[in-house]
Structures are given as structure tokens and as C-alpha cells.
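Model the full assembly from the supplied sequences, consistent with the hints where possible.
Chains as they are written, first to last, in our numbering: chain A, 22 to 197; chain B, 44 to 200.
If you are wondering where the hints come from, they were derived from the structure by calculation, not from laboratory data.
Positions of the beta carbon are idealized from the N, C-alpha and C atoms, including for glycine.
There's no promise every hint is true.
[To be verified] If you anchor each label on the Cβ, the simulated ranges turn out as follows:
1. 173/B / 133/A: 20 to 30 Å
2. 139/B / 158/A: 27 to 37 Å
3. 169/A / 101/B: 47 to 57 Å
[Stated by the list, open to error] Subject to a maximum C-alpha distance of 30 Å in a straight line, what follows is the list of computed DSBU-like cross-link-like pairs (lysine-lysine):
4. 31/A / 108/B
5. 60/A / 173/A
6. 80/A / 121/B
7. 31/A / 121/B
8. 95/A / 60/A
9. 151/B / 121/B
10. 30/A / 121/B
11. 192/B / 30/A
12. 30/A / 101/B
13. 108/B / 30/A
14. 31/A / 151/B
15. 101/B / 31/A
16. 101/B / 151/B
17. 120/B / 95/A
18. 30/A / 151/B
19. 50/A / 60/A
20. 173/A / 31/A
21. 30/A / 120/B
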Amino acid sequence: MSRPRFDTKKVNSELVTLTYGTLVAQMVKDFDNTDDVSKQLERIGYNMGIRLIEDFLSKTGTGRCLDLKDTADKIQSAFRLYLGVQPNVVNWSPAGDEFSFILDSNPLTELVELPDDLKQLKYCNIICGAIRGALEMVQLDVQSWIVQDQLKGDQNTEIRVKFIRRLEDAMPAGEE
Amino acid sequence: MADDILFDLLHSEIVNYTFGNNDKKEKKDEDLSTLEYIGFSTGYRIIERLTKEMPRFKDELDTMKFICTDFWSVIYKKQIDNLRTNHQGVYVLQDNMFRFLSRLSNGKQYLEVAPRYVAFTCGVIRGSLANLSIQCLVTAEVQSLPSCKFHIQVQRT
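Next up, the structure:
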């Protein structure tokens with residue numbers, strides 16, 4: 022029996038895309054409000070980011086980020102590692118505390134089309150959540166949101182990240 | 044091209060999500076149907092993409108063999124260890140190191156929650172077979188982690 026072997030990488034990517042798609046579809050069914058769905062997606066992303074950072078640090082062995090530019094570069098390499106895409110880092114704010122990732126293709130939105138009544142849905146919010154969760158684990162408090170979305174007819178997908186503050190180690194209660 | 048770990052994490056978040064809602068309603072009887080349904084839709088779609096350039100399967104057994112070998116190894120990273128059938132529409136697929144259970148403790152400690160981690164896969168199998176025009180019931184049996192048996196009962200009309 023000679024059957025074509027599958028391209029494992031490609032299948033895995035489609036598996037993630039399709040599974041994510043069904044999850045979103047289920048959530049749309051569960052919640053009346055699209056904003057709630059977007060919020061849930063962000064939360065799921067956050068939970069994944071918290072764990073993903075461990076995997077990222079152990080796989081790449083990178084050290085501390087020196088500044089936000091360095092952080093942006095590392096998130097860029099995380100995109101390459103986990104989603105197989107290479108986003109550009111652009112649109113730095115003058116103060117240097119905000120930047121954007123531009124994705125010309127996004128594996129999560131392949132095979133996806135948004136119906137008209139879900140145009141408000143932030144389908145890729147999971148990525149924003151993952152960035153926030155992962156950075157929180159390395160003591161950076163950031164905000165992340167979607168500026169442009171291919172699913173809504175934009176040319177690219179643009180994810181904006183804004184640095185809020187550095188999180189300080191808090192002493193456990195009762196310690197010196 | 045997504046990395047393997049994404050699917051693992053996504054799966055555990057799906058489990059988390061479906062049970063986050065259920066916990067409030069009832070604690071005793073866990074409702075696995077949502078989770079199974081998410082698996083079903085996923086399986087239904089993935090099989091269509093996987094088999095689009097493949098020759099037609101000869102018969103039911105041939106389809107099952109495909110599920111156990113190629114399908115399983117591409118999604119669960121290994122083949123099914125044992126396939127048994129009574130040739131009357133009942134198939135038992137045994138995986139001794141099931142992907143979603145392999146990270147849980149080996150003892151009896153988490154046996155109670157194990158169904159949560161196999162329900163999605165039951166759905167995936169059912170969905171895949173449904174799209175290959177085999178209607179069936181799929182249940183899972185976990186006796187000791189991390190091995191798992193999937194019982195497939197084909198519905199004949």
C-alpha cells in the first residue's frame with residue numbers, strides 16, 4: 022500500500038486553524054454578544070501565553086530583554102517559531118513605547134471568512150492575549166490590540182503593542 | 044505553519060473553556076457533549092483536507108486502518124498500538140501513550156478528569172468517519188493513564 026505521506030507541518034497548522042475556528046464558532050453560539058467572545062478569546066490567549074513563554078525561553082535560550090526594541094525582536098522570532106510567519110516591526114511611537122507587528126499572512130485566519138453580523142468580532146484577539154500573557158511572565162505589563170485585520174478587508178493584519186510599565190518583584194508577605 | 048505545542052495548549056484551553064461554563068450549572072454529571080461537538084466539527088473538516096487527493100478507500104476496514112496509521116500519526120504523532128474488530132461494526136483502537144494524557148501523572152490521581160481529555164478526540168474520530176460516510180458512536184475508556192481505548196460502534200441502517 023503506497024499512500025501519500027502528509028506534510029506534517031502543514032497538517033498541524035491546519036489542525037490548529039480548524040480547531041481554533043470551531044472553538045470560536047462555539048463561543049459565538051454560547052455568548053450573545055460579540056464583545057464577550059472577543060474578551061474570552063483574549064483570555065484564552067493570555068492563558069496560552071503564560072505557558073508558551075516557558076517553552077519559548079527553553080527552546081531559544083534567550084536572556085533578558087535590554088529594551089523594548091529587543092523585546093519586539095524576540096516576539097518577532099516567537100511568531101516565526103510558533104506560527105511560521107515573519108511579521109515586520111513598524112510604526113514606533115516617538116516615545117518608543119509603542120510598536121506594531123504587520124502580518125501579511127496569518128495562519129489563524131486561513132480558510133476563515135467572517136459573516137456580516139460578526140464584523141465586530143476580533144478573531145485574532147488570541148494573539149494579543151498571548152503576547153500580553155507571555156510578557157507578563159517576564160515582568161512587562163503591556164496592552165495589545167488589533168488595528169488592522171485582513172478579515173475585515175484590510176491589506177494586512179496589524180497588531181499594536183503598548184508598553185505600560187515594568188512589573189516589580191513583590192516580596193511574599195511575611196518575608197524580610 | 045504552526046508549532047505542535049500550540050495545538051496542545053489550544054486543546055487544554057478548550058477543555059478549560061467548556062468546563063469553566065459547566066461548573067456553575069452542575070457539579071456531578073459532567074457534560075462532555077460540547078467538547079465532543081467541537082471535536083466533531085474539527086474532525087469533519089480536517090479529514091476533508093487530508094483525503095482530498097487520495098484514492099477512495101476499499102471498505103470500512105480500510106478506512107479504519109487509515110485512521111489508525113496515517114491519520115493518527117499526523118495528528119497524535121504516533122500510530123494506534125492496537126486495532127481490534129469483531130467484523131460486525133465494532134472497532135477498538137488502543138493507544139498506549141495518548142498525546143493528551145501523556146503529560147498527566149501516571150498514577151490514579153487524575154483518572155477522574157481523564158474523560159475531559161479524551162472527549163475532544165472521540166469527536167474528532169466521529170467527525171472524520173462521518174465525513175467518510177460512516178455513521179458511528181465513539182466512546183473512550185481510560186483504565187490507566189496514559190493509555191486509552193476508543194470504542195467505535197458503526198451505526199447500520
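Cross-check of the supplied hints:
{"no.": "1", "hint": "173/B / 133/A: 20 to 30 Å", "verdict": "holds (22 Å)"}
{"no.": "2", "hint": "139/B / 158/A: 27 to 37 Å", "verdict": "holds (34 Å)"}
{"no.": "3", "hint": "169/A / 101/B: 47 to 57 Å", "verdict": "holds (49 Å)"}
{"no.": "4", "hint": "31/A / 108/B", "verdict": "holds (22 Å)"}
{"no.": "5", "hint": "60/A / 173/A", "verdict": "holds (18 Å)"}
{"no.": "6", "hint": "80/A / 121/B", "verdict": "holds (23 Å)"}
{"no.": "7", "hint": "31/A / 121/B", "verdict": "holds (17 Å)"}
{"no.": "8", "hint": "95/A / 60/A", "verdict": "holds (26 Å)"}
{"no.": "9", "hint": "151/B / 121/B", "verdict": "holds (24 Å)"}
{"no.": "10", "hint": "30/A / 121/B", "verdict": "holds (15 Å)"}
{"no.": "11", "hint": "192/B / 30/A", "verdict": "holds (27 Å)"}
{"no.": "12", "hint": "30/A / 101/B", "verdict": "holds (28 Å)"}
{"no.": "13", "hint": "108/B / 30/A", "verdict": "holds (22 Å)"}
{"no.": "14", "hint": "31/A / 151/B", "verdict": "violated (36 Å)"}
{"no.": "15", "hint": "101/B / 31/A", "verdict": "holds (26 Å)"}
{"no.": "16", "hint": "101/B / 151/B", "verdict": "violated (41 Å)"}
{"no.": "17", "hint": "120/B / 95/A", "verdict": "holds (29 Å)"}
{"no.": "18", "hint": "30/A / 151/B", "verdict": "violated (34 Å)"}
{"no.": "19", "hint": "50/A / 60/A", "verdict": "holds (15 Å)"}
{"no.": "20", "hint": "173/A / 31/A", "verdict": "holds (25 Å)"}
{"no.": "21", "hint": "30/A / 120/B", "verdict": "holds (11 Å)"}
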